[in-house]
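A.B. asks: Input sequences plus hints: build the corresponding full structure.
Residues per chain are reported as follows:
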Amino acid sequence: MFKRKRQSEMGGSRVSVMTMNTIVLVGVLLCAVPFVYMISASFRREGDLYKLPVTVYPREWTMHNFHTLFEKTEYVRWYGNTIFTASIRTVLGVYLAALAGAAFAKYDFRFKRFFFFLVLATLTLPFHMLLIPLFLLMRDFGWVDNYLAIIVPGMVNVFNIFLMRQYIESVPDELMDAARIDGASEIGMFHRIILPLVRPALGVVGILTFVWTWNDFLWPLVVLHDDAKYLLSNGIATMDGPYEVETGAIMAGSFLATLPIIIVFLLMQRQIIAGLTQGAIRG
Amino acid sequence: MLSAHTLTTANKPQPFSLADWWSRNQRKVIPYIFLAPFLLSFVIFTVYPAGVSLFLSFQRTRGFQQAEEGGGVVLEYKGWANYERLLTKDKRFRAAMINGAEFWLGTLLVQMPLALAVALALNSPNIRFRILGRLAFFAPYITSAVVVGWIFRFVYDQNFGWMNSALAQLGIEGPAWIRDANLVMPSLIILGLWTWVGFNSLFFLAGLQNVPDDLKEAARIDGATTIRVFWHITIPFLRPVFVFVVVTGGIGSFSLFSQPYLLLDFPNTGPFDSGLFPLMYLYDMGFLNIRMGYASAIGYILTVVILIITGMQLLLFRLWKV
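As you go down the protein sequences, you meet chains A and B in turn. According to the working numbering, the first sequence holds residues 1 to 283 in order. According to the working numbering, the second sequence holds residues 284 to 605 in order.
Treat the hints loosely; a few may be bogus.
Claimed, not checked - Label-pair ranges, simulated between beta-carbon atoms:
no., chain 1, residue 1, chain 2, residue 2, range
1, A, 29, B, 316, 16 to 26 Å
2, B, 331, A, 63, 12 to 22 Å
3, B, 326, A, 173, 45 to 55 Å
4, A, 174, B, 469, 53 to 63 Å
5, B, 337, A, 52, 50 to 60 Å
6, B, 550, A, 46, 19 to 29 Å
Stated by the list, open to error - A short list of chain A residues far from chain B (calculated; beta carbon distances all over 10 Å):
no., residue
7, 58
8, 63
9, 131
10, 147
11, 166
12, 169
13, 172
14, 186
15, 240
As the list claims (entries may be wrong) - Output of the computed footprint for chain B on chain A, the stretches with three or more beta carbons under 8 Å from beta carbons of chain B:
no., stretch
16, 31–38
17, 66–74
18, 79–88
19, 191–203
20, 246–254
21, 258–268
Please keep in mind that the hints were generated in silico from the structure rather than gathered at the bench. Fair warning: this is a prediction, and the values are worked out from it, not measured in the lab. We put the CB at the ideal spot given by N, CA and C, even for glycine.
C.D. replies: This is the structure:
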């Protein structure tokens, strides 16, 4: 997908190569600056941060902020809560999306077009518009301050269904027909043929789901009120309130919360970008 | 002997067996079972709430607090009153909608050209730091909006923020950014550029790699200049990407929440509501003011706006024919 091209816009003159390199380099630097601020502030004392002239590096490196984070706030707990809910949502979400994707990609049935229309319709409707009634529903279910509220309502994601359908279409029909002749059940085929063949796609959908859940803020804000139950996003958002922690500790918390996402992206960048850009360029 | 035996059993009416029926019909039934979680979730978490929301949007609601203690919510039918008030009288709602539109406009005018420039740069031959570039441009997008909001709140600090320190290096005295009514929107747009330029450039990059090389080559042999090739071949090929960026940008602008929430320290929404967005107003009305009926009406108006933006997709495609 990102293969080098022999010939491209703007030819290949020395000046234009320099211009292009400059654009990329300046862009990279600008993208990096806020991260540099975050990391640098994590290792400073408050006095160092609010002292002129402003410096890029800490005048004195300190782990003080991380101690504050672990001792004065429930940070470790929030981290655990987030890993727990994000993992469950990812596994269930990927499995259910693959099921629906397989139905659309590999079977003919009545109302197929109508059901697929429902998927596309939900795709365009932002979930946030239903914030109020969904909250009322969670309250009726007794799910306020319960992780079921985080896991269940967003579990079946239509974007994921859409992606899985595209990937599963590439599974050869002949393979499935051969298995049928050998007496395989449809459910068995889903587990033993379809899932193994689309394993890379499961990875992409899984990572996207994990990142979305990890970063989601508004919905946890609405359904989680007990600060021991908070996820990282709520926890970090409220750190200036009840805990009265300082800028450095907030940045330290942000840094630790961002780290796993960046690492996952580093390891899987090719697949993630391909997964995200798939639908858009067809138009 | 064996064949006669099979014949007789086959002619006998068999007792109904679920296992038999299943093995014969599973291929017809299984897609519905595979789709069941989606359909259930669609009915419970989309259709039903949408109905409740529609009902609530015509009510005045009171007594939500008591409801949590077991009491009922007091509803009073008000007809179109909530909608009427929102569309004609409510100045905060109007401010929120205008802010959403401004943010969208900023996105279109600044973000798209920048994203295209970055994509062209990443796509050109002999470019260095291609992988580093892709990582750096994508990292802001996958960073939590809460984290981004916090970082920028500190970066925009009038005295100790890096923004103003950088300006000071250039001999410019930095403004108060998020405390200045006129600068809240530019501050947010800059935050948005940082978050989304790289992300959008990846879509442009994917689009650029779809442009057939031989077409450009042929045009060049026919004597077309680089600029003409770019304008008449590359840009039309990027049409779906432009439409995608316009539409997702619109939806994102009207449902902006976490970034302004953190940047402006919600329930503060910037001086004169300069940083209030529709979804924030919905949250404010529904959960802080506990006027769920009114908030539901906001939700419906927003849904209509977003449907119109999505519909624009079709219109844009029809207007802009290659």
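A.B. asks: Each hint needs a verdict: does it hold in this structure or not?
C.D. replies: Now for the hints, and whether the structure bears them out:
| no. | hint | result |
| --- | --- | --- |
| 1 | A:29 / B:316: 16 to 26 Å | violated (53 Å) |
| 2 | B:331 / A:63: 12 to 22 Å | violated (50 Å) |
| 3 | B:326 / A:173: 45 to 55 Å | violated (31 Å) |
| 4 | A:174 / B:469: 53 to 63 Å | holds (59 Å) |
| 5 | B:337 / A:52: 50 to 60 Å | holds (56 Å) |
| 6 | B:550 / A:46: 19 to 29 Å | holds (26 Å) |
| 7 | 58 | holds (14 Å) |
| 8 | 63 | holds (20 Å) |
| 9 | 131 | violated (7 Å) |
| 10 | 147 | holds (16 Å) |
| 11 | 166 | holds (15 Å) |
| 12 | 169 | holds (14 Å) |
| 13 | 172 | holds (17 Å) |
| 14 | 186 | violated (4 Å) |
| 15 | 240 | violated (8 Å) |
| 16 | 31–38 | holds (count 7) |
| 17 | 66–74 | violated (count 0) |
| 18 | 79–88 | violated (count 0) |
| 19 | 191–203 | violated (count 0) |
| 20 | 246–254 | holds (count 4) |
| 21 | 258–268 | holds (count 5) |
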